[in-house]
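Asker: Those sequence lines, one after another, are chains A and B. Take the first sequence: its letters are residues 0 to 367, numbered as in numbering that gives the first Met the number 0. Take the second sequence: its letters are residues 0 to 367, numbered as in numbering that gives the first Met the number 0.
Take these hints with a grain of salt, some might be off.
Said to hold, decoys possible - Derived DEER-like restraints, expressed as beta-carbon distance ranges:
{"no.": "1", "chain 1": "A", "residue 1": "Pro266", "chain 2": "B", "residue 2": "Arg69", "range": "57 to 63 Å"}
{"no.": "2", "chain 1": "B", "residue 1": "Pro281", "chain 2": "A", "residue 2": "Thr153", "range": "28 to 34 Å"}
{"no.": "3", "chain 1": "A", "residue 1": "Thr154", "chain 2": "B", "residue 2": "Thr154", "range": "49 to 55 Å"}
{"no.": "4", "chain 1": "B", "residue 1": "Gly301", "chain 2": "A", "residue 2": "Gly72", "range": "47 to 53 Å"}
Treat the hints as calculated values from the structure; they're not laboratory data. Everything numeric in this text was worked out from a predicted model, so none of it was measured. Even glycine gets a Cβ: it sits at the ideal position worked out from N, Cα and C.
Chain by chain, the residues:
2 protein chains.
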Amino acid sequence: MSTGAGELFRPLYREGGALRLLDQRLLPGDEVWLTLDEPEGVARAIRDMAVRGAPAIGVAAAYGAALSQRGPGTSSPRDRFDAARALLANSRPTAVNLFAALERMAERFEQLAASDAAVIERGLLEEADAIASEDIASCRRIGAAGAALLESGTTVLTHCNAGALATAGYGTALGVIRGAVAEGKSIRVLADETRPYLQGARLTAWELARDGIPVEILTDSMAGHFLSRGAVAAIVVGADRIAGNGDTANKIGTYTLGVLAKENGVPFYVAAPATTIDLACPDGAGIPIEERASSEVLSIGGRAIAPAGVTARHVAFDVTPARYITAIVTDEGICRAPYDASLAAAVERAASRRAAGAGSGAGSTYPL
Amino acid sequence: MSTGAGELFRPLYREGGALRLLDQRLLPGDEVWLTLDEPEGVARAIRDMAVRGAPAIGVAAAYGAALSQRGPGTSSPRDRFDAARALLANSRPTAVNLFAALERMAERFEQLAASDAAVIERGLLEEADAIASEDIASCRRIGAAGAALLESGTTVLTHCNAGALATAGYGTALGVIRGAVAEGKSIRVLADETRPYLQGARLTAWELARDGIPVEILTDSMAGHFLSRGAVAAIVVGADRIAGNGDTANKIGTYTLGVLAKENGVPFYVAAPATTIDLACPDGAGIPIEERASSEVLSIGGRAIAPAGVTARHVAFDVTPARYITAIVTDEGICRAPYDASLAAAVERAASRRAAGAGSGAGSTYPL
C-alpha cells in the first residue's frame, strides 16, 4: 500500500515466542532492539518507557500477558495469566489502552481456559498478534479520516510522539499527517520537543525525517509564538485516555496547546483509536494522572541541569477539557461536539466491527 | 538592609579598571568569574550569554562603553567610544535597556569630551557605576511596590530568570518575590525550567535556594496544568522591552503564560525598571525579536537530542499583548491599563528622579 510516507515501521512485533521491541529511550542516537520473553520484562519496558505511547503500551501489554504461558512452570495457566495481568496493570496508570488490551486478553483466556497449555499459549499469542494488526489498521483508518482536515501547503504542529513509535505502526496524530501526505498534500510539521523525555525532538523528528516529511523542532515554549503569528494551520495530538464527555488526557503540555489554539482560532484535533475512549470515565476529573520521579526532570542525558537539593515536579500528563477540542479523529470516524453522543457512537461502531470480524481469524479483518 | 532574602548578590561589578562578571552559562555547576577589560570581551559576553537579563545587559554594556577608554590607544577618545558603542549595540537586539544604557553613556561622554583622556575614562566608569547602583535601587523599589500584590501562603510561578542574576542585583520578578518575603510573607515559587537555556532550572532555582526561598522546577509545558488546577496564585515575569501600549517582549514562553493566566483567572504581572519601557515603540509589532542558532536547541550540555540533519527554530523572545497583563510593576510604581497613560507617567517620573539626583554624585541617590 502506498502511504506516501515510506515503508511501514513497526516498533514492536512478535518473532516466534518472543516480543521484539525497539528501546525508544536510546533514539535517535542508537537503534537497540530488546527481545522479551516473559511478562516481567515487558512490564519493566512499559514502566521505564522503553516503549511508550498509549496504543503501543496496549500492544506490549497484550504480548506481556501472552508470554505468561511461556516455558514450563509449576503454577496453573490461570495463576500465571492473572499474575502477569496484575503486574502489567500496575506498570503505568494513565493510558486506558493498556487496560483495554488486558481485558481483551482475559476474555480470550476464558475462551481457551479449558484447553491444553500449548493451545492456550498459541491462542494468546495470536490474540496479541490480532491486537497489533488491528492497531495498525486502526491507525490507517484514523489517517484516512483525518487527512481531510489538513490542507496542502500548510504547517501542522504536534506534541510528543503520537506516531509509528507510539503504536504498532503508522501512528495516530502522525497517522493523520501521513494520511494527508498519502493524498498528495504537502504538509510541514513543527514538532514540540516535549520535555522532559524529548519524544518530539527524539522520536517524532526521527520518524518524520525517515519518511521524508519536512519537520522542524521547537522548544515547548515556542508553540504559542508561532500560533500567535499565524504560522500554524492546525494542531494534531494523540491521546492516552478520552473521557465520555471528550475531556482528553495526553502528554503534559497538551492542555496548554488547546488553550493557545482556542485563543488563536486554530483548530485543535485529537487523534486516537476508539479503544482510547473510556466511557466509564464521565469526564476528565476521573482520569488518573501519573506523577513520575523528579530526577527525570532534573537531569538530561545524565547531566544535572539544576542545583543540588532543588526538587522538580514531574506530572506526566494533563487533561484538555473537551471545549478546546475541535474534533476527535478516531478509527470509527471523526467525532465532534456534543462528544457524549459522538464518542459513544464510535465505541459502538468499534464493538460492531470487532464482533463482525471475530470469526474471520486474527488480524485478517483489516489489511495491513 | 534586611531583605529577608540573604545578602545582596551582584553578578557583575567593577573592580578597579575592569568588569568582573559571573559566567552564567556554567551555573549551577561552576561559579566562574570573568575579568573583562575591553569592550570586545563585554560584547562577546553579552552575545554568547555569559551575562543575560535585560537590566544586567544594560549594566554590562555601560561598562563595555566605559572600557573603551582604557589603556593607550592611537585613536581619539571619541573614535574609541563610538566604536565600542557600535559593537555593543550589535550584541543583542531585543532588550531595550542595552540601548538606553549606551545612550546614557553617550550623553555622559559628550559632557566629558573636552576633558583629558584620564578624566573621560574615570567619568565613564563612574557613570557605569551609577547605572549599576541605580539598577539595584530600582529593583528594590520594584520589590517594595510589587510585594503588596502577593499574598502570604501562596505559590507564585515565574519564567526564565528575572532575578539578581538578570540585574545588577536583587532582581525584578524575583525582586517582587524577595520584597514579599522581606515583608514576612511566606511564598513558594514554581520556576519554569525555560528551555533552551534552562535559566529557570539553572539560575532562578540557584539564587532562590541560596536565599532560602522554597522553589520547585517545572518543565515549561507543566505550567498550564498547575494553573488549571488552581495551584498558582500569581505569575510574575520580567521584561526585555515594554512598548508604549504595554505589549511586552520577554523570554520565549511568556506569551503562553499570559494566555494561560487569563484563561484561568490568575493575575499576570510583569516586573521591570522604567528603562525597559520604550515609548518609541507604540506596540509590540515594533519590537525586534531575536532568532538564535538552531544548534542551541538541538543539543543540551553538548549532547545531541535530535536526529542528525533535523533543524530547529530558536526564537528567543515573544510578545505578550497588553490585554493579558494585569499590571506592570516598575521602579516608578505599579502601572495598570490603560497602559499608554500609566507607562508614559512612569517614564516621566523616572526622568524627574534622574534629573533630581544628577547633582548628588554617582550612585548616591538610592542607598544600596
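Asker: Go through the numbered hints given earlier and state which of them the structure violates, listing their numbers in rising order.
Answerer: The structure conflicts with hint 3 only, although it agrees with all the remaining ones.
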